[in-house]
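Please build the complete structure, drawing on both the sequences and the hints.
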Amino acid sequence: MSTLLTRPVARRWQTLFQDVTRALVLVVVGGLALTMFVTGTAQLVREATETKNLSLEDIFPSPRAIAGAWQAHQDLLLQQHIPQTLWETLAGLSIALVLGLVIAALMDFSTVLRWILYPILVVSQTIPIFAIAILLILIFGFGTGPKIMVVVLFCFFPIALNTFAGLQGADPELISLLRAMGASSFQTWTKARLPAAMPSFFSGLRIAATYSVVGAIFGEYITAQYGLGVYLKRSYSSFRLDQAYLAILLTALLSMLLVLLVNLVERLTLRWYYTARRASWRGPGIY
Amino acid sequence: MSTLLTRPVARRWQTLFQDVTRALVLVVVGGLALTMFVTGTAQLVREATETKNLSLEDIFPSPRAIAGAWQAHQDLLLQQHIPQTLWETLAGLSIALVLGLVIAALMDFSTVLRWILYPILVVSQTIPIFAIAILLILIFGFGTGPKIMVVVLFCFFPIALNTFAGLQGADPELISLLRAMGASSFQTWTKARLPAAMPSFFSGLRIAATYSVVGAIFGEYITAQYGLGVYLKRSYSSFRLDQAYLAILLTALLSMLLVLLVNLVERLTLRWYYTARRASWRGPGIY
Amino acid sequence: RAQDDEELAQYLGGATEFARADERTAVTLVLDWVPNTNHLGFYVAQALGYYDEANLDVTVQEPTDLQVETVVVSGAAEFGVSYQEVATYALADETPIISLAAIIQHNTSGFVTLHDQDPIERPADMAGLVYGGFGQPELELAVLDRLLECDGAEPGTIEYVDVGYADAIPLMERDRFDLVWIYYAWTGIEAELRGVDLDAIMLMDYLDCVPDYYTPILITSHTMVEEHPDVVAAFVQATARGFAYAIAYPNEAADILLEAVPELDADLVHASAEWLAAQFMADAPRWGQQSVEVWQGFSDFLVEHGILDEGIDAEAAFTNEFLPGTVDEDAG
Amino acid sequence: MSERPCIEVRAVSKTFRDDGRAVQALADVSFTARSGEFVTIIGPSGSGKSTLFNLISGLTEPDTGEIMIDGRPVRRDTGLVGLMPQRDLLLPWRTVLNNVILGPELDGVSKRAARRRAREMMPLFGLAGFENAYPDTLSGGMRQRAALLRTFLTDRDILLLDEPFGPLDALTRRELQRWLLDIWHRFRKTILFITHDVEEAVYLADRVLVFSARPGRIVKELTVDLPRPRSSISLLSEDLRRLEAELLEALEGNGPASTPERVESDPDGS
Amino acid sequence: MSERPCIEVRAVSKTFRDDGRAVQALADVSFTARSGEFVTIIGPSGSGKSTLFNLISGLTEPDTGEIMIDGRPVRRDTGLVGLMPQRDLLLPWRTVLNNVILGPELDGVSKRAARRRAREMMPLFGLAGFENAYPDTLSGGMRQRAALLRTFLTDRDILLLDEPFGPLDALTRRELQRWLLDIWHRFRKTILFITHDVEEAVYLADRVLVFSARPGRIVKELTVDLPRPRSSISLLSEDLRRLEAELLEALEGNGPASTPERVESDPDGS
Ligand SMILES: Nc1ncnc2c1ncn2[C@@H]1O[C@H](COP(=O)(O)OP(=O)(O)OP(=O)(O)O)[C@@H](O)[C@H]1O
Ligand SMILES: Nc1ncnc2c1ncn2[C@@H]1O[C@H](COP(=O)(O)OP(=O)(O)OP(=O)(O)O)[C@@H](O)[C@H]1O
Ligand SMILES: [Mg+2]
Ligand SMILES: [Mg+2]
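Here the protein sequences come in this chain order: G, S, X, V and C. Counting along the first sequence from 1, when you hit position 188 you're at 188 in the numbering used here, and nothing is skipped either side. The number in the numbering used here is simply the position in the second sequence, starting from 1, with 1000 added. The number in the numbering used here is simply the position in the third sequence, starting from 1, with 2000 added. The number in the numbering used here is simply the position in the fourth sequence, starting from 1, with 3000 added. The number in the numbering used here is simply the position in the fifth sequence, starting from 1, with 4000 added.
If you are wondering where the hints come from, they were derived from the structure by calculation, not from laboratory data. Values in this document were obtained by computation on a predicted structure and should not be read as measured data. Glycine included, every Cβ here is placed at the ideal spot set by N, Cα and C. One or more of the hints may lead you astray.
Said to hold, decoys possible - From the derived model, a few chain C residues whose C-beta atoms are all more than 12 angstroms from chain G: (1) Met4068; (2) Asp4070; (3) Asp4182; (4) Arg4230.
Unchecked claim - Pairwise CB distance ranges (calculated): (5) Ser1185/S <-> Lys3111/V: 19 to 29 angstroms; (6) Phe4187/C <-> Arg3241/V: 30 to 40 angstroms; (7) Arg4010/C <-> Asp3063/V: 53 to 63 angstroms; (8) Arg4010/C <-> Thr1041/S: 50 to 60 angstroms; (9) Pro83/G <-> Leu1016/S: 34 to 44 angstroms; (10) Leu1016/S <-> Leu4226/C: 51 to 61 angstroms; (11) Gly31/G <-> Glu3199/V: 57 to 67 angstroms; (12) Leu4226/C <-> Asp3063/V: 44 to 54 angstroms.
Right under this line is the structure:
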């Protein structure tokens, strides 16, 4: 009899305890974030207002100088550097796309794999390039390999995490229905989870596309003979700011084009998504 | 009469044309991605198999050496470097969180703003640090400012993009209902769009949390007296590889902790989300 | 060409015959930084076929994000360009590398200020200034303090700020700091070309105070020296010929570099090549000559300032064995 | 019941276009609902009934025609009516209690007061004890009842109810019908009510509008002259049966729904 | 109709637990459906009918009791039955045509053949012309019909239909009821059918199970001994009315649904 009386009470206490803990954690974390936001902003404002003479001329080259640099090195850039960087970018992004999807699938597939992969993913994003540069060089030599790998490293992470979140976010009732219809795990995955994850996947791909060109530039910092990164580094080191900013401009341009391409493909692939949202969808294009 | 006859025909052609264009674009882009994936992988494999003698000893420090470095510098790290990096990280991440939400809201709010903000966002992610290092120093001096700014720069982007995607993905029928109930734009936003965007927001926050510590380390490369980045840079440039790898290890650890914190907060905040998914949710914890 | 050989021999210990590798060998050289005038000899040797004559196929590899020592030891590259200070750290860490040649005979770096803002004439004038460092405060402050001390000023009176990636001179012009340590041949010449009036304390001029050290140097791994001495000799000697040419014909050497790396600023390369021509060999008996005193002196200096726990074996740190020609070792 | 027209729908047409397919949902629909009138709408599935509600609540604009509420034209002007949509559309991140107080909350009523009122209504809607449950853990009928409660708490004079009692058992249904009639009577609301249940249509209404198959047209207006209150009317009353039969006939006389046009027809008939 | 038991539900109970709230959905439910039998289930909203379907289709496991299909216990063993859920659950990223062929597709049937069959059925379900429409552009009833078509194309011997005709107008409903009876009869399917419509329950069934309010128990089993085919039975037939009245009475005799327990009761009664 005593169990009959005590159990519910224990349960009630447990619930209360959970609620309190929950509230506590959220308040503490929220408070911390708020404090950090306020003090951080205050710090920025304080330091910025302390600045005396902020004269920016001759830190940035004039647009004319940049245009001049373009004219001077047009051939070099169009024939050597840009194609090289573009090839590294696209190869890396494509590999990252596949890798990201595979990792997301694995993490979605098994809890054990998730426990193993999660730390690896996080670590892969926190290791500075130089720490693995030697490995890349040892494995791939001084060819395109290291650069492609850096692009992959930059890009697979947002794809993997976002796709994983998307897979996990699939409507559980839909999944149940498919299971009731006798779908195998694999079928549930391809027919329900994956399509449901697509909007989230594209959001990750968009982030990845933004990073991809930068990744290639970064990879070229490890070692390269050609590419926008090489051009940038050489120019900056010999104080040719006009050329350096030209390189940055071209990088941004390429990134922008890639992002627009992703948006276009998204629009065309997720027709159902945009059809449903058409009424509330403001503005045309692939933006 | 002629309009009556020609219009539908024109329309049918238009539809056909659209479909063909759509298929064409997808095939071309898909083909390109596939080609890039294949040739990229082939390149990696080719370069990797060409590798000669892989000798890794002498290059990576032994775990014992790293443990030794920890023992030697424990106090220094715990009292100076780690707190410094942590403060920059948290301040930057908090600011990035607010900034990311605001940007997402603005982009969601107006098409014009979206057209303006999108390129700025992309460019902000493609500019190399050195190009803005001088600017940051000019604005903030040698204090914590530049580092916080770098963290913000690293982190706001995935938050903004993911939250924006989440806001856009809110169930249009729900939005319609709220509008029918007389909700103002702002109310629709706070009561439907924002909650609907939360899972996507957290996915972005998780990516940002992963980047945040790296951002601080990077920021410390610009200028700093304390912090893990300083420790890393100094160790590395004076060839203390054991210390350098200790710094990397600590970076990864801090990142991992931050990601777990985000997961915890997500679990506690999105109770409805995890309640609904509980049945299919495999494995406990905040992972 | 014969006349050239005659003229160049004076920089090469009188040699006109040079070592060749036993068989055609492909080797990689990693640079320490973006190609610049410190690397003139390599590009010349490549362009004029000296490497080819030495039976070598040389790839000049642009810098990596890595310490050159690591790359060389890993075997990914056979040769590398480094600095004596980093090589010393690496040796103290028992990294199996060895220095083959001093690319520039003396330390051509120096501390500079903007003449208009903080005129300095002697080390003591630096006291009280704000120094913008590159992130190795122990070494940097040790050198600065020593300079102050030698000149009778109070050490520890220079404030250190880390400038990291940022370009120093524009920051000095905006008064963010006063003093910076530069390679005169590159940053100093560039400032001159821009008409910025710099005051410089060159370390060359205070060798009795802060010991001299080689910067940059050519290094390889122990493995190479032990297993392929013919390749090492062939490479070092062909490189020496390249630098000899750069000493004799700085203008032509500059053009060769610019041909290979068109992104560089032509005026800067020419002016810098001109300036360096006198510095590559300076007062040494031949290009590349190193002495045990320099290696020992600098190691001692680091130990004295607590930067290193233990000194290195200076004898084992370098070798002159592979340089071309012969010289009276005591003359160095 | 006043004679003042409260909702006026004038010659409204609506066509949905979707890459090359055009679906005409409503064709020239006109009717008037007087203030305080209870009008039920019945018609084949897909005949544009829900579309009509979207038009009246200002969510969509008609292609042609005009809609007036209280004499003012509706032009994407929302919040004038209380709409209960066909799909319950509960907010998944809110508990039942917080879902049903959405209306007052949007109107700026204090949450506390709104919650108190809502709590009182819970038992009537069979939701007592589920105040803190998330919608995902409710049964289909319970979700529907929550959505209904939300609409009532929104407190508008005009209510548009799209099959509110669809997935409810006969008992709960009857109870809520009675309650609805009571509310309507006491607070003089104007109610448009879509249903597929002929008996329900007759039982509740002052007037029944019968829609044709797509494109929706009003093919019959049936005035229900049964006495009120009707709770006392026997379920098998003769009058009721007669009206039901009449309705069924009107419904049956209207053939199958048209398929959508493959190509667009000229909308302005030129 | 054979006498072989096809679905056996034995003393099944199910309680949902949710931070400190325990909702008992089913309490000791037992029944048997013979192969080829048409059983309708009727009961108050929230009485665990949908939960029962989830148990039979293997999506959830009962707390106590056992469920056997064709003599084999169901233990998270899915795909044995064709389930039509209460919410239509169409895949939003598929057109109607691709949605309805989901079943055959999962079974490995060629898509082409499946599409051909599906196209033939479209007109009957009033979906002709909407093959390439996305679910979001359908009306409520059309979605429901698409979900129903999907279930039939899944081609199982046992069908569990959860209020399939809820949001359908009388006409379409009658047509689909007739069609369902025809299918059932021709292909000897076993059908469990949840409905709130008393008339429908009687009209279709061999047997009607009446559920009590939560926690769901079977309070009445009514065998419908009307002759088949029933399409000819007048809508006002005496027998039908009598059975309906009997059902209504059984339903009414069962008080309001219990509220969930605030604290957990001991499930194993110790
Ligand atoms: N947003 C939309 N886009 C395209 N077509 C639509 C849209 N909304 C409705 N339709 C079409 O308009 C027609 C009428 O739909 P509506 O929802 O008004 O029907 P209904 O009378 O409410 O039917 P039901 O009784 O089945 O709910 C349907 O054929 C539907 O396909
Ligand atoms: N996943 C779940 N978590 C918690 N409670 C649940 C869950 N599913 C159902 N319930 C509860 O179980 C009870 C029975 O639900 P069920 O859906 O079976 O009812 P039903 O008989 O189908 O009702 P309706 O006729 O309204 O569809 C309800 O009170 C519901 O709140
Ligand atoms: Mg409808
Ligand atoms: Mg149900």
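Tested hints:
Interface exclusion of methionine 4068/C from chain G stands, the closest Cβ pair being 17 angstroms apart, more than 12 angstroms. Every beta carbon of chain G lies more than 12 angstroms from that of aspartate 4070/C, the smallest distance being close to 15 angstroms; the non-interface claim holds. Separation of aspartate 4182/C from chain G is adequate, the least Cβ-Cβ distance of about 23 angstroms exceeding the 12 angstroms criterion. No Cβ of chain G comes within 12 angstroms of the Cβ of arginine 4230/C; the nearest lies about 29 angstroms off, and the non-interface call holds.
Checked against the given bound of 19 to 29 angstroms, the beta carbons of serine 1185/S and lysine 3111/V, roughly 21 angstroms apart, stay inside it. Phenylalanine 4187/C and arginine 3241/V have their C-beta atoms about 36 angstroms apart, which keeps the hinted 30 to 40 angstroms range intact. Taking 53 to 63 angstroms as the suggested C-beta distance range, the pair arginine 4010/C and aspartate 3063/V conforms, at roughly 59 angstroms. For the pair arginine 4010/C and threonine 1041/S, the beta carbons lie near 56 angstroms from each other, so the given range of 50 to 60 angstroms is met.
About 36 angstroms separates the C-beta atoms of proline 83/G and leucine 1016/S, a value consistent with the hinted range of 34 to 44 angstroms. Between leucine 1016/S and leucine 4226/C the Cβ separation comes to about 54 angstroms, which falls inside the hinted range of 51 to 61 angstroms. As the Cβ distance of glycine 31/G to glutamate 3199/V is approximately 59 angstroms, the hint placing it in 57 to 67 angstroms holds. Distance hint for leucine 4226/C and aspartate 3063/V: a CB-CB separation of about 49 angstroms, consistent with the stated range 44 to 54 angstroms.
Hint violations for this structure: none, all hints satisfied.
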